[in-house]
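**Student:** In the order they appear, the protein sequences are chains S and V. Note that my numbering has the first sequence beginning at 1136, numbered continuously upward. Note that my numbering has the second sequence beginning at 866, numbered continuously upward.
Hint data in this document are derived by calculation from the structure and do not stem from the laboratory. Be aware that a few hints might be false.
Not the full set, but computed from the structure, chain S residues with beta-carbon under 7 Å of chain V [unchecked claim]:
no.	residue
1	Ile1251
2	Trp1298
3	Leu1306
4	Val1339
5	Trp1357
6	His1361
Below are the BS3-like pairs computed for lysine-lysine, each with C-alpha atoms no more than 27 Å apart in a straight line [unchecked claim]:
no.	chain 1	residue 1	chain 2	residue 2
7	S	Lys1285	S	Lys1441
8	S	Lys1180	V	Lys968
9	V	Lys870	S	Lys1180
10	V	Lys936	V	Lys965
11	S	Lys1291	V	Lys975
What follows is a list of derived Cβ distance ranges for each label pair [said to hold, decoys possible]:
no.	chain 1	residue 1	chain 2	residue 2	range
12	V	Lys926	S	Gly1216	31 to 39 Å
13	S	Arg1174	V	Arg930	43 to 51 Å
14	V	Ser889	S	Asp1190	16 to 24 Å
15	S	Thr1362	V	Lys968	25 to 33 Å
Values in this document were obtained by computation on a predicted structure and should not be read as measured data. Yeah, the Cβ is synthetic: ideal placement off N, Cα and C, and Gly gets one too.
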Amino acid sequence: MKSILQKLASFWFRPIAPERLSILRLITGGFSLWYLLARYEMFQKIAQSELSLYDPVGLATLLSEPLSFPVFKGLLLLTIGLNILYILGWKFRFTGPLFALSLMLLMCYRNSWSMIYHNYNGLVMHVMVIGFTAAADTLSIDAWRQKGTKWLEEVKPDWQYGWPILLICTLTVITYVLAGFAKIYGDLAWDWMSGEAMRSQVAVDAIRKNLFGSQASPLFEWIYPHTSLFLMMGIMTMILELGAPLALLNQKIGYIWALLTCSMHWGIYFIMGIHFPYQMGGFIFLAFFPLERLWFMARTRLIKAKLIAQ
Amino acid sequence: MKYSKTTATLFSLLLIILVSSPLSENWQQKPKDSFPLSYYPMFSLKRGKTHSLYHIVGYDKAENRYVIPYKYVGSGGLNQVRRQINKICRKGEGDKLARKVAKRLAKKTKVPFSRLERVEVIRATYTLEDYFLHDNQTPKKERVIASQQIKRQ
Chain S
1136 MKSILQKLAS
1146 FWFRPIAPER
1156 LSILRLITGG
1166 FSLWYLLARY
1176 EMFQKIAQSE
1186 LSLYDPVGLA
1196 TLLSEPLSFP
1206 VFKGLLLLTI
1216 GLNILYILGW
1226 KFRFTGPLFA
1236 LSLMLLMCYR
1246 NSWSMIYHNY
1256 NGLVMHVMVI
1266 GFTAAADTLS
1276 IDAWRQKGTK
1286 WLEEVKPDWQ
1296 YGWPILLICT
1306 LTVITYVLAG
1316 FAKIYGDLAW
1326 DWMSGEAMRS
1336 QVAVDAIRKN
1346 LFGSQASPLF
1356 EWIYPHTSLF
1366 LMMGIMTMIL
1376 ELGAPLALLN
1386 QKIGYIWALL
1396 TCSMHWGIYF
1406 IMGIHFPYQM
1416 GGFIFLAFFP
1426 LERLWFMART
1436 RLIKAKLIAQ
Chain V
866 MKYSKTTATL
876 FSLLLIILVS
886 SPLSENWQQK
896 PKDSFPLSYY
906 PMFSLKRGKT
916 HSLYHIVGYD
926 KAENRYVIPY
936 KYVGSGGLNQ
946 VRRQINKICR
956 KGEGDKLARK
966 VAKRLAKKTK
976 VPFSRLERVE
986 VIRATYTLED
996 YFLHDNQTPK
1006 KERVIASQQI
1016 KRQ
């Protein structure tokens, strides 16, 4: 028992370079800022929807009634402000958790108006982990203020930066496993893999798009008669969703799983026209990759350029 | 923020348990989805050979029929607006919806919407095979829930 716990501890608390967590802070922060600014008008419109459409989810259930518009706008602006500080890594001890909580509340509220969107759960969860951990020890204003001109110097890998990465990977994997279980425990159980269900799902989606003034994918109309293609996609989806935990056990499997799952989202986009930017851009899978190497390469060039200049 | 190994373990376990907790929804009689703790039910539903839905169409003077884009009906994305329409129609407030859309369309200057004279909230049923295999986009059944003239000034 003791050795199992020891193995688990050494797996969970393995040292990782702090830059990976910092880069994830920069990327998740950049992504959420883009999301909030691009949908600034839409957020405001939704907050002024008819009250009868309000069906609170998540943190929004703590509110006794919908927020008044000025309060909502205040929350939106506060979240954008905190988002910028989160990216910069300024007084991250406070701004990190505050941003994570305000983004969570804002997104819960946004999903409380008759439809839950599943494409940003990953972003909110990742920010929750990053915001509450030591993600601004490098590549941040905090690091620059603390180290001054030595801010470029290498910081040793440490378990403090390893477990948040593993937690992000684990939470990502769990969401896919849950999606797989929902199919197995649904009405169709393992028959879901036959592809027939997926074909019907996509057909329904295409009809909806046509009748609501959007455009169904021409690719879907072309592949509709080919049931064997849907069978293959059904099996592949199940393997990727239920097999997701394997991605945690081995680095190479992690890479392959991340690439294939990212491709699955592109497939969904081409067939259904459903856009999952956080997944399609690969952002949800970045924690699986040694992002710090990119920074190391950039830093070497920066140092060389500095030396040449001197 | 740095933690002791015990605190880091507790924090990790808490999040892992929370994110996994919606799994139990699969055994509920009426599962309820949430955010961000979801059981990801999308694409898991069993679909029949037909599909029924509420949607909105407009007619011009020559009785040509046009689909009214979701952006003219409500706020949010397509599926969000679709659900809003479902909710309103199930509450028996189709008339109210038709009036709201007619009012919005009255302000439109873009053709063909500027030429529309009437809107209808419709409940239609389509056969999937006919729609995609036989290129037959005519609904199997159709029922007008509400109709409203568009009054322009």
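**Student:** Hint numbers the structure violates, sorted upward?
**Tutor:** 5, 6, 9, 11, 12, 13, 15
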